[in-house]
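Novice: Chain by chain, the residues run as shown.
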Amino acid sequence: MEKIESRKKWYLENKRTQSICGGYAFGFLQLILTQNMIKKIRRVKAASFALCLVFFIGSCSDQARVDNSFVIATYDDVKDWDPATAFSLEVLPMSNMYEPLLWYDAGTKPGKFLPGLATSYSKSSDGLTWKFNLRNDVSFHDGTKFNAEAVKFVVERNKKLNGGASYIWSAVDQIVINSPYQITFTLSSPVPFDKIVSSQYGAWMYSSSISDVSKDSLLNGYGSGTGPYRLKKWVRNKYILLEKFDKYWRGWNKGDHFKSVIIKVVSESSTRLQMIDRGLADYAILIPVQLLKTFENNPDVTVSYFHSWTNEFYLLNTKKHPTDNIWFRRAIASSLDRKTLVKHIYKDTADEAKGLIPQNIPLFQEPDSLLKFDLDMARHYLEKSKINLTNTKTDFSFVSTYEEYRLTAFMLLDNLRKLGVALDLKPGLWSTNWDKAKKLETAPNIISMAWWPTVSSPSDWFFALYHTQENPLFNLSHYSNTVVDSLTQKAWKLESIDPGTAREIYKELQDILIDDCVVVPAVDIKIPSVRKSNIDGFKNNPAYSTVFVYDLSKN
Amino acid sequence: MFRYFINRLVLMVLIMLIVSSVTFFIVRWLPGDPVSLWVGDHPTKDQLEVARENLGFNKPVYKQYLSFLKNICTLDLGISLRTRQPVMLELSNRFSSTFELVLFSMLIAFLIGFPMGLISALKINTLYDYFIRGLGYIGLSLPVFWLGMILQLIFFGVLHWLPLQGRYAGFSFLDTQLTFNSGFLLIDSFFSGEWSLFFDGLKHIILPALTMSLGVLGVVLRTTRSAMMDTMNEPFFKTYRSYGFKHGEIIRKSAYKNTLVPVSTVIGLSFGLMLGGTFLVESIFDWPGLGQFSVLSILTSDFPAIIGVTLLYTATYVIINFLIDIFYALVDPRIHQ
Amino acid sequence: MHLLILEFINNMKIFLQNLFLKKSALSGFVFLCGLLFLSVFIPFISPYEQDIYGAVHFETAGQPPSFSHWFGTDTAGRDMLTITIRAGFYSLKVAFGVVFFSVLIGVPIGMFAGVASKRIDEIIMRITDGFLAFPPLILPIAITAALGPSLNNVIIGISISWFPWYVRIARSQALIISSLDYVSISRSMGAGKLHVIKTHILPNSVSPILTQATIDAGYAILTAAGISFIGLGAQHPDVEWGLLITQSRAQFINHWWEVFFPGIFILLTVASFNIIGDELRNTTNEKRLNSG
Amino acid sequence: MGDILYKIKDLEIKSCSEDGHLVILDKINLNIKKGEKLGLIGETGSGKSMLGSALMGLVPRGCFVSGGAISHYFDSFTSTSSLRGVKVSMISQDPMQSLNPLQTIETQFSIILMKRFGYNKNKANEHILKWIQKVYLHEVPGILDRYPHQLSGGQMQRVMIALAMSVDPEFIIADEITTGLDANIKIGILNLLFSLQKDLEISVLLISHDLISVQKYCDRIAVLKSGKIIEVADTKTIINKTDDKYTKTFRRLPNRTPKQKPENNSEPILYVKDLYKTYGSNKDTVSALNGVTLEIYKGETLGVIGESGSGKTTLVKTTLNILERDSGDMILRTNINESNLTKPSRKIGAVFQDSMGSLNPRMGVYDILREPLILKGVKEPKTIKTKIMGMLDKVHLGLSLSQSFPYQLSGGQRQRVAIARALMLDPRILILDEPTSALDIYTQEKILDLLKEIQTQNNLSFIFISHDLGVVSEISDRIAVLYKGNIIESGKTNDVFINPSHDYTKKLIDSNAWMDKNANI
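Protein chains in written order, with this note's numbering: chain A, 1 to 555; chain B, 1 to 337; chain C, 1 to 292; chain D, 1 to 521.
If you're looking for bench data, these hints aren't it; they were derived computationally from the structure.
Please read these numbers as outputs of a predicted model, since none were measured by experiment.
All residues carry an ideal CB built from backbone N, CA and C; glycine is no exception.
Only true hints are included.
Here are the computed distance ranges between Cβ atoms for each label pair: (1) ARG278(A) / GLU49(C): 44 to 50 Å; (2) LEU66(B) / GLY420(A): 49 to 55 Å; (3) THR265(B) / PHE37(C): 38 to 44 Å; (4) PHE37(C) / GLU470(A): 54 to 60 Å; (5) ILE187(B) / ARG278(A): 25 to 31 Å.
In silico DSSO-like links for lysine-lysine, alpha-carbon gap of 27 Å or less: (6) LYS238(A) / LYS532(A); (7) LYS507(A) / LYS526(A); (8) LYS376(D) / LYS198(C); (9) LYS123(D) / LYS246(B); (10) LYS14(D) / LYS246(B); (11) LYS198(C) / LYS385(D).
This is chain A alone, in the form it adopts within the complex (with noise of 0.2 Å):
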């Protein structure tokens, strides 16, 4: 970093002398030239195209990039830097400056749990109590030591607070220290706890010395963990640039490492893509799929689809006219023909949905008796239904940004307008029309969603989405069935202790559903990664939607 600093010193005097003088020349031009501006218009002609020749001369010499630093364009800014609450975008740099107990590799199949900041664990028959053995060589960036007493501590203030991701450590009753590096948890029940402390929100460790960091500099950067960068300098809405931590505890002998990381607020999606396209940046999220097409065949910019737990899905209010009716639900879930959502919409960037939870999650098992997409059965459905359609109104809230929702809203449309049922589309912001749903009364009939999971477990779907809920957070198609209930507990449970039985319990729970037709899927989404060629080490674990910059290099 040095060099940096004593090349901008030297290249920032002498600008300010040049600057000067530039101003001084420019004005005395332009006096002469407002004398006799009136008499003469051709001199202003002149002048003007001077002043055109000079400027686009300048705009050649492009900012040379500061180099051996990783560029990530991202679309938003970080809300929050308490690792205990975030739980939106934060993930990007956290995964970068904090580790968790242990890593879930969700990349092979089934994943396994790589050795974290515990080298080893194990789990009592009844899977109620977990033992770690932790290293005993990290310390956190502010220079504190890692061991059992940081872990207790970071396990108790994140169930203290009870904000962001924290609820997924509510099963933990009892925190033993048995000696320095090595600490066992008592649960009050056996709930997978591997997949908690491998979660990629809420179980990063992070050193004590937050507690004496005031509430509003949580707000505006802090950040002390383990991981191999540090936070170094934050400008809201601008950047975040992290730089090498000397002395994490892996070393950094494996390869050319970068030495910084900027994480770059850019909203407007083309201008991530142009930046890639400069070489102004390296790694580019949330890119449209239209706008990937003009790089296909740009061989300096590799786009690779990564699959991911994320899928996208429309769920159906059951508690409203008319979609209360459980043979009207059934005509709509065979009017999505999912083929063309994936041939034409999504452009081959998803796969169809094969159920309820993405295919690629562990204990995942295919439903038998998905719909499949028949205007002719969904005719024989409506008839059934009985409803008279000519003054139903049905609503359909999706979130406007998209341009795939919006898309899929319009096949809906036309679909439906054959089978002489009228679809009143509402697009909007996720906010205000998540805010719609939740109410009954202003609640819409179908409203698009997308869910990734705050822990690796096929149960946060039927948890967040399915589970009876009085006044609804994201059961917004309004539905209880006491044995969707009973079963899901049941399989959580049984996720550690027998992953069998759970995952014909999570088949079971689907085939209710879509008796039911609460819920019409469609596809299960692909990450689209677009960074330079020039960089590999990347690695595809849908467990964390983040880049792991340590792993990376260019060659």
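Following the hints, complete the assembly by docking chains B, C and D onto the known chain A.
Specialist: For chains B, C and D alone, kept in the frame of chain A given last:
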């Protein structure tokens, strides 16, 4: 003169009051519950309750209105629900970017519009005059957002000369130390010698400024033309002509003052039009200004932000008109009484 | 009341006579009539009439202008020519709707303010100033968002934020005319305020209001397109020029035709309204001159 | 008489508008001699101002010289445009509009002098001061740094004269310099112009429509009628021996003696007792009427003479009760009762000047006449039709006119419709505010005859208000002179005319020279 100044001021405050109350109540009808915006993506129920509590949305409306008025006097516009920053902070750093864009567009609009209006007034009913009036018509009926997209299409899509959107290229802003920080990117970078940032900023501002100024060009053209024609038909023109003065001389020596009055109305009018235009142009060009901020706030029914930005817009609008009235009074002695 | 209708017909007669004199105004008028006629009958003429009601053909999506699709197709495969022309119908509906409501609300208030006592006049004027202090686009957008996005709400939104202009015009007309001799004489013969408005002020202010209305019709289309562009105006399957342009924003760099044609139609329609409005303003001035 | 300054040889000027070319000046032949005082008189619209502008080479936009030529004999100058402001200067009609309202007198004066003589700032100021003294404006405090709107009409015209003289031209064109000015100021301006003219031996072209003031100052007069010069002769011949009918009318020698009404001392039908009316908000109020008292007797015409700004419009509106008066009462005596009017009464009708404002342009004649009946509440169409037709007859208008619109009628016809409308409600009193001033002399006479006829038929009483002494004296039995909001004199017509007591009335009569004793008529 002083009394005129005072009751104009009182009028201004009165209008600001009316505007703020009207916005306050319209905003209450906006769909969507503001609290959900505040809490973020996956909150739990009690988090929602806590947020509603400290944001004060559970109090009856008139109480909220009273506290709202009290806050306005202390310029505390509350916290934006979407970005969780104080609205005042959000507005201040966005105001400079919008103001810079509007001033730049004003410059272009007047550099092109004023001379053309002048020439078309001097050479009445020639081909040139018809061409300019035609341009005026097109200018008046241009949909600003469509024009922006067409310019993007030409200059970014086909010619690749200018960037598509944004206020400065991704990277260049990172390592520059701006010695001169007035919020105006172009001026700061110019005086602190950041040539690449300056040219980059210039390249980024060209398209949005061109869109905005073409939108207003029609108005500038027509008003300058009619202003010049009116001044030339003033009776005192005939007197000066009878003393051997030519058109140009009369305007330069005496009639320039008369043209200033209608021209200042054009400035006020086009400023207002441009403020309206920022809504659309800023969302097309992703310009981090007030227009984009207000559109987003309205879509997400972010109450404090909407009220704040509306007040700021109206304040600027009213102050501009106020300054123009004062300018009238200074130029035209007849208005004194 | 018959006087008012008579006056309106008479005004239309003069309006048409003058139009045929001036070439430019005639072209504007012909364009608007053509657009209205075509947009009403396009469902029966065009082979792709189902596109208007929401039909989508993804296999033919995003094709440039060709023989089968003169204006090409949009991202959902709909024929741009058919939906752009049909969108004309909705835009004209907005134009006339806004003008109708603004005049309906604004003119009576303005007339009343012009004739009423100084104090009432002052109050009305201050409230209109309050309304007009809003920068151009904020009020319509806020009202439309509050009422919920739909084309009819756009009409209501724009009318509410624009009727103060008509209050001003009507008031100034009322003040000018009530200062004229024939109103003094009629008042000296015992005419009340209502009679004066009905027989003298309204018939004489038809042309200035008509002129402003024609020009405002053009601006209403522009504002409505802007509001739809933000997403608060017309919703699919309705077709409106602003909506068509917004829907093409994701791909407009590669699909120029999706953006170009709706925009051109907005430009031509608004320009026709402006041209006709200007001719009207010139003729009314002349008429007032030669008869004054 | 010295050599010739200008020789105008069959000059022709046309104006081009949409509907073809309009001839403004047709075959003008006129020579202007050096040091001569030439008068040019003609009705408004006869093209006399156009001739003035043509001499300056300043034909207004939209008109062009289609024939003939103007040749001038100033020594070394070639084109007429180079003469302007050096050898020739002009004083135009409306003094308040002649200078830029946004600049002070001094700046504009010095701009012109600097261009003319190339003076620097203070040399020009010196020159200005000299000329301001010459036009007796030096006692006006701070005259130089005032704006045009801060001076009165008379003062501004003096400034324009000073300006015109200061460039020491050889020829001055004075185009209608006194119209719109008050009578007593008018004489002052002309005396000043011609006294300066005598000292500097400049030749002057005085353009006016008022023969009386022209014949006092000019030695030769040219008469212009709709674009043609019908007569050029020295003043004596024009005044006495000419036989051309058109020129005669200028002198308005009414041979009608005022009719003497038998004295009737019964109660006045309308008694207006000290009427007060002020305008303006609290601080700066303008008192339009302060204590006006008038009596109007049955079947009699009261003539009220008032110049612009004397408060006559306010008087009309307050008597009609469409304008609220501050104080004073208005007693109307009809045969049955006696009431103090506060609301407009149908007993008082009104006819205004008809500058196109007294008839609603959007209403046909039938509707105009129908309106009073509707207000009265007459319902069924038959009686309305007969009443209207009868009234059209009464005012000698063809029944076919009932369908036409005001702009299709001539000035006289429009005024007849206005009179008919006033009579629809059978009023007892008619208030006539300048009914004939906008008409040409022929129609004026016809309308006055109609009014007299109606007066005798319906035994109406008139209040005839005008600034034109000739017309007022002809029709009214008694006269009241209104000056700055109060009646300074009233009495029988002859008494007031023969020995006016107030000196303002003397000046008024003198400037109209109707019965000027020293004129050798």
